[in-house]
Amino acid sequence: MRAKTTITRRDFLKLVGTASLASLLSSRQPGLQSTQAHSHQKRSQYNASSPNILIVLFDAWSASNISLYGYQRRTTPNLETLAQRAVVYHHHYAGSNCTSSGTASLLTGLYPWKHRAKQTYSQVLDRYVKHNIFRCLPETYYRFAYTQNPLCYALLNQFQDDIDHLLKPGELALDHNSIAEYISRDNYYPISSAENYILRSGRTPSVSIFNALLDHLNRFIKNSILTRTYQQDYPRGLVEWGFMKEAPLFSFKLEDAIDWIINKSLSTPQPYFGFVHLLPPHAPYNPRIEFTQLFEDDWQPAQKPIFLKTDPTTDLPKIHTLRWEYDQYIAYVDSEFGRLYKSLEQSGGLDNTILVLTSDHGESFERNVFSHNTPALYQPLTRVPLLLFLPGQQSRVDIDTPTSAVDLFPGLIKMAGGTTPASCDGIPLPLQQQPNSTNRQLYSIQINDNPRLDPFSKASFAMIQWPYKLTYYRGYEQVQNEFELYNLSEDSEEMHNLFSPSSPISQNLQAVLQAAIEQNEFLE
Amino acid sequence: MKLLRDRFPDRSTWRLVFAMCALPVNLWSWVLMFDKVPSLRLNWSAIQVTEILAYTQSFALFESVLFFCLLLLMAFLLPSWLLKERFISQATLVAFFLSIWAVGVHLMIRASLRGEIQEWNGPLFFAWCLGCSIIFLGTSKSIRIWPSLEKWLIARIDQATLLAYLFIVINILALIFVILRNIYLAFV
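Sequence lines, in order, name chains A and B. Numbering-wise, the first sequence is residues 1 to 524 according to my numbering. Numbering-wise, the second sequence is residues 1 to 188 according to my numbering.
Chain A with its partners taken away, still in its complex shape:
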């Protein structure tokens, strides 16, 4: 028999298959398990006197639709009761009007013009990966995180080396159709982006000609089964995430996530820092059945000027219906948060825990602007709820001082006894009412249409220097260079644009904003 001296085609194929399998099973890629980056071995004993911190963030929750903040419909009866023992921030602003930028601002304490996470690239610049809230906590803290939003998961994946337990979105889902997070721990974002391009049809078709259709059919069938199974309790559908309504990528029940939070916070080592980002009340607005009959009234909000001279014709009945469904969804969220609070309180889970309730951005149903992926930065899009439930607090504290999502980072780190980086844009949250500073500026920034690393040719900026809010729209097709100025203490609904190039207030604020933009638009 002749000895083998050449590699045959079969041998080569075996070699390629083995090599790729080896790369997938290598030690840096744990595969199907949750990412548990650090063991407890490197930690010293936990210091029980450090408070636990639990951030519960609900996606796309506008303060403008919360009855606690004065909304016409009683969307948050539970919050109104719970707020009697909370610090309530009445003018809290998101860093942006979309998930990637807004959540990144919260987790890094930086405005979007620094971290540059945006809707089409949902990760921060490499230089800021270590500038995250998990890293700056004292070593004794156990850190866990969970999100139902894949955009937020891309951020948390960046920070995974600083998180002890990072749960994947699909692990609490009733159905999930994404595999990227199971393929690679360290190369997640390019793989998940490639997966979306290959298999998910959006405004442009997917790159795969056949498998994308099969994937779509598969998701459609699974969603149909799920919808039928849960139709009685969720007549409009479940909590969903995806590019197409009838074929979502993920389906959740909010109740499952709330139950998980309760169990996790009671069973996890202390002190802990938990960050949980839940999808509701992000669209589609699918509350549980008992909330689908709420607010059947004739109430309609006041008409407001159309945004950016867009087409004045709009389907008003459809917008009113969507607002109505959104309000019902908020009532559902309010109910579930109330259940979370009561469960934790009854089991002693709040005795040494700072519970934070907030959102990453708002939602709009006015001015021809629907939802939140828009250049607009009006109050419904940027003003979000913030409540702090401190251990042992028995009375309500109202804070009217404007605060920003970037303030949560230094505020919570200070409470935990950690060290905030000097480059942080925020200042610690006030815990008592203070006189409003007229010198501090807060920003909400939208850079989704701008090339990520480039100076800002197409972006929106809103600056709040109390009581004024100056918004600047730069480089859009309908408007190249436009400013809007509102006095929020007299005109909280932003009905009367006060901007005039000749007025001293306009000039002063414009100069401050332009200087801030120039300082931040060029990356070093």
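Hints listed in this document are in silico derivations from the structure and should not be mistaken for laboratory results. One or more of the hints may lead you astray.
Claimed, not checked - Below are the DSS-like pairs computed for lysine-lysine, each with C-alpha atoms no more than 27 Å apart in a straight line:
| no. | chain 1 | residue 1 | chain 2 | residue 2 |
| --- | --- | --- | --- | --- |
| 1 | A | K253 | A | K222 |
| 2 | B | K151 | B | K141 |
| 3 | A | K318 | A | K304 |
| 4 | A | K222 | A | K245 |
| 5 | B | K151 | A | K458 |
| 6 | B | K36 | A | K245 |
What the hints assert, rightly or not - Label pairs and their computed distance ranges (CB to CB):
| no. | chain 1 | residue 1 | chain 2 | residue 2 | range |
| --- | --- | --- | --- | --- | --- |
| 7 | A | K318 | B | P79 | 51 to 57 Å |
| 8 | A | L217 | B | T50 | 27 to 33 Å |
| 9 | B | F126 | A | N218 | 17 to 23 Å |
| 10 | B | T50 | A | K245 | 32 to 38 Å |
| 11 | A | Q270 | B | S39 | 28 to 34 Å |
| 12 | A | Q72 | B | L107 | 41 to 47 Å |
| 13 | B | L107 | A | K245 | 15 to 21 Å |
| 14 | A | Q231 | B | L166 | 50 to 56 Å |
| 15 | A | E493 | B | T50 | 26 to 32 Å |
| 16 | B | L124 | A | L214 | 19 to 25 Å |
| 17 | B | L162 | A | T229 | 50 to 56 Å |
Positions of the beta carbon are idealized from the N, C-alpha and C atoms, including for glycine.
Could you slot chain B onto chain A? The hints should help.
For chain B alone, kept in the frame of chain A given last:
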């Protein structure tokens, strides 16, 4: 075993048919990626864009292989006169019309997402399926009736294989890039 092997088309035809499977898959993939790459470059670095392109091209190879296996399976299961006897021409027709059908469905999905048609338009979808089926059956029958038509088709297939082979080479290079990149990330 020999009986099973005889059910499959002659192996000498596999190369050409695989090339005809890879051609529409890759053409579609490249057209869509060319559409996406300019916007990708606004936010991703060159190496990241290359990586994404490599994943899509690797997947195109996988999809071509799957498509080819499907045609082999059809040839195995269906009566010989339908597919196996004229495997190159008939399988190419199946690949061609199936691709056209799929492109039509993609465009319908896009139109529904953009609000140009209602979300699920059953009559439009069934009309599209019916139209594609009728034209395919007519063409397939014509091939069997007119040998000169089949000869003409095979000549065109021969010409198209050069482009198909180029795509396949790119797919293989992309797959090698993906493997090496993941090995690099795993051990660095």
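Handout entry: B/F126 versus A/N218 beta-carbon gap, inside 17 to 23 Å or not
Key = holds (21 Å)
Exercise for the section: May I ask you to test the hint 19 to 25 Å on the CB atoms belonging to B/L124 and A/L214? Expected result: holds (20 Å)
Exercise for the section: State, for the Cβ atoms of A/Q231 and B/L166, whether the hinted interval 50 to 56 Å holds or is violated. Expected result: holds (51 Å)
Practice task
Could you see if the CB distance from B/L162 to A/T229 stays within 50 to 56 Å?
Solution key: For A/T229 against B/L162, whose Cβ atoms are near 52 Å apart, the range 50 to 56 Å holds.
Practice task
Using the Cβ atoms, figure out if A/L217 sits within 27 to 33 Å of B/T50.
Solution key: At 31 Å between Cβs, range holds.
Practice task
Indicate whether the distance between the beta carbons of A/K318 and B/P79 respects the range 51 to 57 Å.
Solution key: holds (54 Å)
Exercise for the section: Verify the proposed pairing of A/K318 with A/K304, using a straight-line Cα cut of 27 Å. Expected result: holds (17 Å)
Exercise for the section: Would you check the hint for B/K36 and A/K245, treating anything up to 27 Å between C-alpha atoms as holding? Expected result: Roughly 23 Å separates the two Cα atoms, so the pair holds.
Handout entry: Verdict for B/L107, A/K245 (Cβ pair) under range 15 to 21 Å
Key = Hint holds: Cβ distance 19 Å, inside 15 to 21 Å.
Handout entry: Given hint B/K141 paired with B/K151 - CA-CA distance at most 27 Å
Key = Distance ~14 Å between B/K151 and B/K141 Cα, so the pair holds.
Handout entry: Pairwise hint evaluation, A/K245 against A/K222, where the allowed Cα distance is 27 Å at most
Key = holds (13 Å)
Exercise for the section: Can you let me know if the beta-carbon spacing of B/T50 and A/K245 is within 32 to 38 Å? Expected result: Roughly 34 Å apart at Cβ, these two residues keep to the hinted range, so it holds.
In terms of the numbered hints stated before, the structure departs from hints 5, 11 and 15, listed from lowest to highest.
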